[in-house]
Structure formats: structure tokens, C-alpha cells
Amino acid sequence: MSTMQRHRKLFALFSVAAGAFLGGSLRLGAAEVQYLNTDVDTDSAKFEEYRDLDSGFRLALLRLLGESDDRERVIDFRVINAPRDDARYTLSYGRAGSYGITLDYNRIPHNFGNNGRLLWTRTAAGRYEIPDEIQRRLQTEVGFNRPNLFFPFLNELLAPYIANADEIDLGIQRDRASAAVDFGGMRRFSWGLEYTHENRSGTRPFGGSFGLFNATEIPEPIDHDTDQAELSGEWKGAAGGLRFGYRHSRFQNNIDTVRWDNPFRVNDSGDPLGILAPTPLSIGGSSTGIADLAPDNESNLLFLNGRARLGAWWVNGGATYNQMEQDDELLPYTTNRGIRLLNDDGTPFDPTIPDTLPIRTAQRESTRMSLSAQAGRRFGKLWDLTFRYRLYDFDDESPRTEFPFYISFQASFVNRARITVPYAYRTQDATAELGRNLGLATHVALSYTLRMVDREFREVDSSDENVFRLALDNRPTDRWNIQAQYEHGDRSIDGYNPLAQLHNLSIPDPLITTHPDMRKFDQAERTYDSLRVQTQWAATDAVGLSFGVSGRDESYDESIFGLISDELLEYNAEVNYSPGENLSFFLFGHRADRQSFQRNRESGGSPSEDPADDWTLDLDEVTDTWGLGINKKFAKRWTSEVSAQWSRSDGFADFFSPPGGEPDLAEDFDDYDDIDLLALFGRVDYQITSHASAGLSYRWEEYDIESFLLRGLRNYMPGAILLNADNGDYTAQILGVNVTVNF
Amino acid sequence: MRSHLLLVLLCTAALVAFLGGQGGAAPQEPQAEPAPAFVGGEVCATCHADAADHLKGTPHGKQAFASLGPQGCETCHGPGSAHVQDPENPALHPRIDKLPATVQSEVCQKCHSGKSQFFWHGSVHESRNLSCISCHSIHSFKSDTGQLKAANTAEACVSCHKDIRAQLWKSSHHPIREGKMTCTDCHNPHGSATPKMIRAASVNEQCYTCHQEKQGPFLWEHPPVQESCLNCHTPHGSNHIKLQKASVPYLCQQCHANLQHPSELLDASRLGDRPQGPDGESGAANRLFNRACSNCHAMVHGSNHPSSPYLAY
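Residue numbers (our numbering), protein chains in the order written: chain A, 1 to 743; chain B, 1001 to 1313.
Simulated from the structure, these hints should not be mistaken for lab results. Nothing here was measured: the structure is a model prediction, and the numbers come from that model. Cβ coordinates follow ideal geometry from the N, Cα and C atoms, glycine included. Wrong hints could be hidden among the right ones.
[As the list claims (entries may be wrong)] With the Cβ distance kept under 8 angstroms, some of the chain A side facing chain B (calculated, not the full set):
1) R71
2) Y195
3) Y406
4) D473
5) A666
Start from the sequences, fold in the hints, and give me the full structure.
Dropping the structure here:
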């Protein structure tokens, strides 16, 4: 049976069943079948990053609508892009105000790169291997040529293997099924039940380097199952209401670990300098790398929301309590059997077996709690006043676990104890907002927010931020509105402790120091100003214009090193023209100019005190986005649609370093992610009958990326084995033939 | 500084007391003609047959609405006898869109005050003088669901949030323009208890609904990750991979530039296409190509490996 026949039978079956279920009728609302002919000039995965536009047929749209005889119960079944990787199927059934059921199945592809070169062979889920004889041969070659372990030699050594390597397309498929039931609708009591199951499978690029002078990329195997269920209830009264519920979610990673062979080592080596391999300094390291992938986790959330009218005041608020935990089994310190250690008493200590760990499972648990309350009222027709308070508390309740040492990159033993750190923080926002109507057309609001943050184990224990906001909403005429907002924030801190990042040392180590003047921007003192003005004007019933300016200027003036400033300035303009049902037109443009400035000082093992070692970086990126669309009906039976979008980003990295230090010179580059995307679309349809039409569509896309990160990328480059999957430039043309029925 | 909070509370209390005595001086408002009587929906349908017929296919044409709003059309529009008596008088047209925004929303809130609309009062959209009909239309909606004036949710949102529309066209983006998710997956435009109308109790808890593998908690945490995903990511679109606010490695160096390799200048002389030196050495830094810092620090969201305090694998 062909796919078409199968679908036709399924449709007939569904129609009969749904009609019988409804006691009414089921009809076709709309259907559109497309044949796509796709021509892409490269294998870039970017073209189909989140979509499936391969050549062939697809059911672009199917909509079945049904009603019971009394028109009270309705059913709506919608299919988009079946049976493709980006298909979506949604079924809704219900009685307005009484109950509703929604079933949804959403397929979301996410492609990362095509035609990558995989040096390894996948032999099992989470296992990538290289034949031992190849590892042995490469290890021997590397051993014999130790003084020559630079790019030319290594490149030549690996080239034949890279040339014969398998190709791999990197991407994941996210399939999400959900069911939601709502009982009670608009009644005094209502209940809701939601359940979602999602599976993600595929691969994505993952950094699996074997040491400091190495960069290895492997495919991370993905097989994730996530289940989420929520039961909620609601009570509605004349003067208020309550909402409450429980939500459980469970994440399960079906591939706990990924293990991949080291091409240059067939057997393990305990060389203490192994993290420097493969260089003349070392040819050691582990024969395999192993990563502990995302652990299974669970969360349990309770929530309670309330709202009420108390005289002239409205009040609402909510509380949530979310407990999160994971207790995955831990990997041993290393799988490298070449590393031999001794206990204090001289007996052997085997770091390759989990029994030698202080804990066998992770034993992690955290809680997130939030409380919020808002209250407000109007005073006559002129004034309004609103108060808001919000508390959010994150607490890591996990035990502090000390690990007496660690093995860096599975290669080098580091005799320095590390202890886990239960970071915690609490934020509180308290806001008072006073508004006033100025006539019927204008509302002005002034607000003050005090934002307080308390942290544990970080550089800043507490910070306060004063935020003032002035908002104006004005409608000078029925056809014209203006919205404007200005905000100023000023954050102060109680002191900055640069040594806080050493909390993960269980024993103070005088050899470890930090730069005293480095500031992390998320905690540092700052001021910011932001402005947003947007105006929309309907010049006539057919013509609309809008224009807007917005900007934000963040300044970290007190920071000597780190992020110093971050500025964004944006403009937008749009014209709409819709003289009637037969024609509509829009054109918009947007420019965003973002500039950030950061300052650092190059240091070795201890902080440099020489200003000549400073370097600064200005990052400037300008993004222009334009869009155009025309819909036109003509000659009674013809409809046409044309649209164009163009987005162009131009970035520049401007470095400076004063002469005389280390570094001495700094060189700019102008491909700080320069990206062009031009998408053109045109479609014309001919109305064959009152319900059927046929037409052609054409899409043209051109994507071009010049990124400094991608310069000169090859499968093998100095110290790097990369998948080098294609996610770059493409030019695509998609010709579509469409047949549509619409009722 | 926190003593300011007390001061602010005292000032606002005084303000409340002061404002309590205000309110008499109302702005000039057009005098609405009294509308003393309901005429019934059948009377409305004699002239507005199209609207009445269209309504039958929507929830407002069902029995549930009839039971909640026994006055039919006038449940929302108010008594219509004055309009019936003088239908040509525009001042007597019972048009909801001519009412102040707060009054418009009160009409809808008579029924729609729970579920998604639970936190409408005090929401950003309410406080910025928007009303339900800023986005929705009862009689002439374009969307398949939600009775929106725009064709879909994202279009409704970007009709005002123009900057977000531009961001959605950036190279790194969530699949919104592909139609695989939409604004309301993360935001509740009717208001929520969380800033920016985020549906969950915090940004992170929202992100975890789709990216639960990042939730942990992990053996080795990266504290800014726990505090807010927005410390490093910009969710509406970015020119840089992974929705990063700035590109790696410079994003990382905004916080990590203390000592050793994090403090290195990674300028154009270290890029991957630089010519090889005579001895085969290259200027290329493995922190400046491909995945940059995460070539090695792959577990930047948190690691569960006992030997990975620096968030390598």
C-alpha cells in the first residue's frame, strides 16, 4: 500500500470515528499538498538546521474540523509538514467552557553539521574506537619522531586516515508528545493535567581533547528521555482565586558516558606531562578519553498562586518550591591504568576503580524557592499605585565532598585536593510604581526598584541595585500611539573577594593566586541606562508607519579588568500599506549596533603587575535586518505572495596592547562573525474552483558566514582532530508545486 | 543601602494616604449616553448578522458563553437600547475599542481572570496601557488558535517588539521563525509572577523545561550558570554560536582572565589560518578555533566527573 493510500484510509477511518464520537459531522477544513524540488549547492547543515526541506512530497497542511450536532463540542485536527522530520500533529477536542483535550506531537530537527570526518568507528552506544593496529602504528611513529611533533609531521601522519575516515552528519531529532486535559473550563473549580514525553536522539559536537596542546572533537551521542507531568487545580470566586499544582519532571540519559580512543596511544601512559602530548614534551596520556555525560535528574515543583480584591486593592502573588536532585553513579578518577598511585601507608591506590572515590554516587540536591506578591489600586481616575515584591532563593543542599586529587585529561596526576562547593544565592526585588493619567490619552508611571542579591561562596556576598524607571504611554490621536521608557540602574557591592574562587580548594594553597583587580561582570559594580521609544501611526485606514529607537548602556567603571562596558543602540522603522483585501504590503528595517569593551592583563603563574602586559578588546557588531512582503490578489482567480528578508551582521574585534610588555603587539580582525542571510520567497496560486487552487512557489536562500573561529579549519590542524562538519555557506533554491483545498 | 527600602516603604505609605484623598479631579471624558436597557442579541443580529453568524463558530457563540453571559452580545458591549434608538449616532456605538484600556480588559476579565490571565493585574502589558484587544479580536481574528489579530503568536508579539523580530533572524536562534516553538512557550503575555513575564519561576527553570540535561545539580558547578542562563546567552538570537552574548573565547575572558592561559591575548596573530613557522610551529591557539575554550572545557554547564573541577570532560 502506498503512503498516499495509507493516508487516505487513515483519514477515512479517522473521519468516521470522529464523526461517530461527536455525534455530528467532520469536514475537511484545509489541505495543502506540496512537491518540493530542492537544490542546495553545499552540504551545509545550516540550510536545514530546524526544518526538513528535502525534495519530495509533503502534506504542508491538513486541517479537519468537526462539530457535534448541537455545535457545542468541537474537534480540530491539524497536521503540518507530514510525514517529515519537522512535522507536527495536533488534535484538540472539547466543549467550550467545560472541558478540553489537546494532544500534540511535535518533531523538531536540530542539525549541527554534515559530512564531518570521523576518525573513529562507533562500536556501541557511547563508544568510538580506532583499531589497535592503527593506534599502535601511530604511537610508534610518534615515539620515533618525538622532536618533530609539530603540525607538518602530525598532519602528514594522520592525513591518510582522515582521507579514509567515515563521514558523519551531526544532528539531533527532538520528538515531543504531549497531552493536556482541562476539566472545568470557566467553572468555579477546574482541573488540569498535562503530560509531556520527549525523546532526543542523535549526535552533537563535543570537545574531547586529550590535553593542553590538543583539541579533539567527537560526536556526543544523544539519547535523552524527558517526562514532565503537571496536575493543577484552580478555584475562582467573585473576589479572587487560587491556583495550585504539582509538577514532576524526570530526565534520563540513556547513554551515560562516551569513550573514545586516543589515536596516538594504544596503551595507557602515566607520564606526568601527559597533558602536553603529543608534543616533543610528552607522548604520554591515556589510550582513551571518557566523559561523564549529562546525569539523570529529577525535579519536583509545588506551586500556589492567589489573587484577590480587597476593597479598592487588587492583590496577587505566588509561591513555588522546586526540589532538584541527581544521584548518578560516578566514574572513577581515571581509566588510565598507567597512572600508579600509593596510599600514605605505601599500599597501592588504584584510581581506575570507583571504590577508591570518597562517594560512589553524586548525591546532589538543590532547592529553588520563590515568593512573589503584587498589590495595587487606583485612586480616582488619575492615580494608580503598584507594589511588587519578589524573592528567589537558590540553595545547594548537597554535601561538600572532598576529592584528594584529580587526573587532568585522563593523563596527568594533580596532587591537589578539590572540594565541591554548594553555591547559593538569594535575590529580592522590591518595587513601588506610581502612575498618573494625564487626560484620557496619556499615562505616566514612575517606579523604583531595589534589587538585592546575597550569595554564598562567590566573590560578592551582597549587592544592591537601585533601579529608577519612567514610562510614558501616549495616544495623541486614535491613530497614533507612543510608548517610551527610560531606566537607570546603579549597583553597589559590599566588597569583592577575588580569592572566593578558591573555595573549591579544601586546603589553602599559597601557590595559587588570583588577579586582585579582576571583576566578574555578573557581580561587579555597575550603572546602566536604557531607553526605548516606539511610536506607531496609522496615517490612514490603509497606511501604517512605525519608528523606534532603543538602547542600553552598561558601564562597569569600577572594574579594572574584565568587562568594562557593553552598549547597544537600535533603530527600527516599518511601513504597512493595505488598501483593501486585494493588496497588502510591508517593509521594515532594523539596525542594531552593539559595542563591548573588556580589559585584561596577561599573566603567568602569578598576577602581573606590569601595565605593559595589559591588553584591551573592543568588540563591535552591527546587524542590519530588512524585511519586505507583498500579498496581492488579481484577475479574480489569482493570488500572489512575495517576501524577502535580509539580515547582515558585520563584526570587528579591535585589540590593543601597549608596547613593551607581554604581549607586545595586538592585531585586529574583522570577521567577528560576519553573517549574511538573504531569503526570498514567491508564490502564486490559481483558484480552480471556489474550494481548490493550485500554484507554484519558489524560495531562494543564501547564507554566508565568515567567522574567525572557522578560519583555516581542517580535520587536522596543530594539535587538533576536528570533525569539521559543514555548517557554513549555502545557496538553496526550492521550487514547490502546491495543490490546496480550503473550505 | 537596604535602609532605603524602609524609607521607600514609608514614603509610599504616605503617598497612599495622600492619594487616598485624591481622585475627584477626573480628566475630561466624553459623556457617554446612558444605555438603560438590554435589547437582546437577536436585535443586534438584525443589523450585525455577519458578526453574529461568525461568532457561532467561536467559543463566544457556544452555550457556555450563554450561561456565563445571559445578555448575549450585550454581556460584553453593554446595554444597547440607546444605540438601537439612534443607530447613526457614533457616540452611542457600543464599541469596546473606544473605551479606556483598563475598562476594555475588565470586560474580558469578568470571565477570563484565571489560568493564563491569573496575573494580568500588575503585569507589564497592563501597566503599559495595553488591553486584551490590543492583541485579540472577538469578531475578526486571523489566527487558528487564540483569536489573535495577527496570523500567529509570534507575529502578534513582534508587531510591537520590533527588536525581537530582528533578533529572530540572526544566525543562532531558537526555531521560532521555523514555527517549531513560539514566544508563549517561554513568556506569558498576560502576566506572570516572574520578571519579563517568564512562565516559570526563573529564567533557568524556564530553560530547563527544554534543556533539562543542563539542570544538574552537578558535582562541579559553574556558579553563573546556576544564577542565570542569561549571563552568557541571549535567547532571542545571536550572531554567535549557541546564542552566546559575545563569542567565545572573549565571552569567557570577560570573567576568566586571572592567570595562565585564560589571561592570554588571543588576537588575529593566533588565528587558525596563520602561516606555519619555519620549524613547523603555528601561531594558532587551540583556544581560538572551532569551539574555542570548550574544545577542552566541554562541560561548561557543570560536570559530574570526579577529575573535572575545571569543567573539562
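Against the structure, the hints come out as follows:
1. About 7 angstroms separates the beta-carbon of A:R71 from the nearest beta-carbon of chain B, less than 8 angstroms, and the hint is met.
2. The interface hint given for A:Y195 is broken, as the beta carbon of that residue sits about 14 angstroms from the closest beta carbon of chain B, more than 8 angstroms.
3. Given hint, A:Y406 at the interface with chain B, holds; its Cβ is 4 angstroms from that chain's nearest Cβ, closer than 8 angstroms.
4. Annotation: interface hint on A:D473 holds; nearest CB of chain B at approximately 4 angstroms, less than 8 angstroms.
5. This hint holds: A:A666 has a C-beta 5 angstroms from the nearest C-beta of chain B, less than the 8 angstroms allowed.
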